[in-house]
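S.K.: So the chains spell out like this:
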Amino acid sequence: MEVKKDLLSLIGKRFTQIGLPKELFEKNRFNLLVDRNKVVVRYPAPGVRSEVVETPTGVKTKVYIEPGTKLEEPVVLCFGAAEATEVQTTEGEIVVGEGADVKFQVYGAMAEGIKLKHKNKLKVRVEKGARFEFLDLHYNGEETFVELETETEAYVAENAYFRSVFKQTRGRAGKVRIVLSASVDKKGVAVFETKMIGKKDDEIYVEDVIHLNGEESRGISKSRIIAVDETKATFVGETYGNAPRCRGHIDCSEVIRGKDVVVKAVPVVVVNNETAKVTHEAAIGSIDKKQLETLMARGLSEDEAVDVIVQGMLR
Amino acid sequence: MSPLLTVNNVKLTIENKPILKGVNLVVRKGEIHAILGPNGAGKSTLASLIMGINDLKEPTEGEIIFKGKILNGLEIYERARLGLTLAWQDPARFEGITVEEYLKISGKNNPELDVVECLELVGLDCSYLNRFVDETLSGGERKRVELASILAMRPELAILDEPDSGIDFVSMEDIANMIKTMRERGTTVLMITHREEIAEVADRATLMCDGKVVQTGSPKEVGEKFKTMCVKCEVRNPELVGGE
Chain D
1 MEVKKDLLSL
11 IGKRFTQIGL
21 PKELFEKNRF
31 NLLVDRNKVV
41 VRYPAPGVRS
51 EVVETPTGVK
61 TKVYIEPGTK
71 LEEPVVLCFG
81 AAEATEVQTT
91 EGEIVVGEGA
101 DVKFQVYGAM
111 AEGIKLKHKN
121 KLKVRVEKGA
131 RFEFLDLHYN
141 GEETFVELET
151 ETEAYVAENA
161 YFRSVFKQTR
171 GRAGKVRIVL
181 SASVDKKGVA
191 VFETKMIGKK
201 DDEIYVEDVI
211 HLNGEESRGI
221 SKSRIIAVDE
231 TKATFVGETY
241 GNAPRCRGHI
251 DCSEVIRGKD
261 VVVKAVPVVV
271 VNNETAKVTH
281 EAAIGSIDKK
291 QLETLMARGL
301 SEDEAVDVIV
311 QGMLR
Chain Y
1 MSPLLTVNNV
11 KLTIENKPIL
21 KGVNLVVRKG
31 EIHAILGPNG
41 AGKSTLASLI
51 MGINDLKEPT
61 EGEIIFKGKI
71 LNGLEIYERA
81 RLGLTLAWQD
91 PARFEGITVE
101 EYLKISGKNN
111 PELDVVECLE
121 LVGLDCSYLN
131 RFVDETLSGG
141 ERKRVELASI
151 LAMRPELAIL
161 DEPDSGIDFV
171 SMEDIANMIK
181 TMRERGTTVL
191 MITHREEIAE
201 VADRATLMCD
211 GKVVQTGSPK
221 EVGEKFKTMC
231 VKCEVRNPEL
241 VGGE
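Protein sequences, first through last, are from chains D and Y. Take the first sequence: its position 262, counting from 1, is numbered 262 in my numbering, and each next residue is one higher. Take the second sequence: its position 37, counting from 1, is numbered 37 in my numbering, and each next residue is one higher.
Some clues are possibly wrong.
As the list claims (entries may be wrong) - With a straight-line cut-off of 27 Å between C-alpha atoms, the simulated DSS-like cross-links for lysine-lysine are:
1. Y:K108 x Y:K67
2. D:K167 x D:K119
3. D:K119 x D:K62
4. D:K290 x Y:K57
5. Y:K104 x D:K289
6. Y:K57 x D:K259
Bear in mind the hints are in silico, worked out from the structure with no lab data behind them.
One chain only, chain D, in its complex shape (with noise of 0.2 Å):
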């Protein structure tokens, strides 16, 4: 399709006011843009097949990658809302056909000022062998607010590898809801990471499901949550180990900062096999006093030393 230059010049201004990398824009690196509801960029990666149909208030994808793809660049989405909108639905289905090996780099981005209702579904299905890696990168403004709710459903077959990244590291989160759950098969891996930052009043709530069915099949979900003034923030990690010899792990470390923040976090660890195993560590506290006398040691402010802890937590 034909690129809406002015179009994207436009979102590209208040997009990387809020933090995206200006080199997106400037190379014009999206193999899929949507503003709102409207398609602004779409060029086909290679291997990679797709309808996009637009909807009254957002899209719906589908993606199939062909068996044995392999590509070293990343597939670039973006999904945002440059101008008002009061909701924008995504809907979406990924295959990851046999021992094909790919990552989306999947941009969420609300611009400054903008308050919205996100709704995303995503069903994802990585086959045999294929390798699958999905970094959803969320950039928000300082006094942008969003409901956002997203639930993703994998499935995980045999030898495959399915990981999935949320991170949200500037601007507010605002009021969160983000379910992810796998069905891992046989030898297959999936690994869930959640990386997030709370400011305010912001409301996160993280649930990762894994499912581990399969003989030998791996789960790790990881959460990493920084919450900060009076935000409320609750994990909850489930792992099943259902399938003999199957390996799970939560590891869950959130950090408060403010006398008014409250943070939940809910390992649930459920073994079904004798040969099973999933372990879990959970920590909640305020920044690690050595960390942060050590970097005041080299002359950095009390708050310069957060920051650079912080950042490194989520990075």
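Given chain D, work out where chain Y should sit, using these hints.
M.R.: Relative to the frame of chain D, chain Y by itself:
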């Protein structure tokens, strides 16, 4: 050599328990000064008071003076900005921060910063630049990175709390050389150690026991006293510390 740091009759009492009992110490500009002493002598507490860490911002009595300025009550970063720093015995780990970033943070005010050189001086090569300063580094590697970060910062006074702990014996010579390099580059070193072979690098040494300074002199004299009187002493020796 003029005094860079003066610890003037410093006493520290925590929960009615005297920890430091009138410590006097002078660290001269340009010297390597070792503090020796048994466990519980108050060496690390004194280092914490000088740097202002572990909530020890000022002594119960006495003064700590650096470059003519009284440090009592100053924040850690204010002391660091005066040219003072400390390398921890068991340094902190940082998730998501690379060695290169850590060295650049430490050396942000050093216009001649060369991160590769800093690593080489502590026996690490440039392949470490992209490693994270987290649990993936061994204890010895982390310790070396900490010492490299001091080289990167190039402070006027570096307090090294047991620079030899976690380092294998074979590399002890490297550490000794690195401490000498620090001095060659204009950093005065105050180091706390249990090991005489590291103390030998020093120009002067001070022996501490039971919250007091027992002796200051050449590393040989002080090391001898430490070896003959402290190592064998399982209970603190009242005679050694002046009959208390």
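S.K.: Given the hinted pair Y:K57 and D:K259, is their Cα-Cα distance within 27 Å?
M.R.: Since the Cα atoms of Y:K57 and D:K259 sit roughly 24 Å apart, the hinted pair holds (cutoff 27 Å).
S.K.: Are the Cα atoms of D:K119 and D:K62 separated by 27 Å or less?
M.R.: With a Cα-Cα distance of about 17 Å, the restraint between D:K119 and D:K62 holds, given a limit of 27 Å.
S.K.: Can the restraint linking D:K290 and Y:K57 be considered satisfied, given a maximum Cα separation of 27 Å?
M.R.: holds (15 Å)
S.K.: Are the Cα positions of Y:K108 and Y:K67 separated by 27 Å at most?
M.R.: Answer holds: Y:K108 to Y:K67 is near 22 Å, not above 27 Å.
S.K.: Is D:K167 close enough to D:K119, meaning Cα to Cα at most 27 Å?
M.R.: Roughly 17 Å between the alpha carbons, so the hint for D:K167 and D:K119 holds.
S.K.: CA of Y:K104 to CA of D:K289, is that 27 Å or under?
M.R.: holds (21 Å)
In summary, the structure agrees with every hint in the numbered list given earlier.
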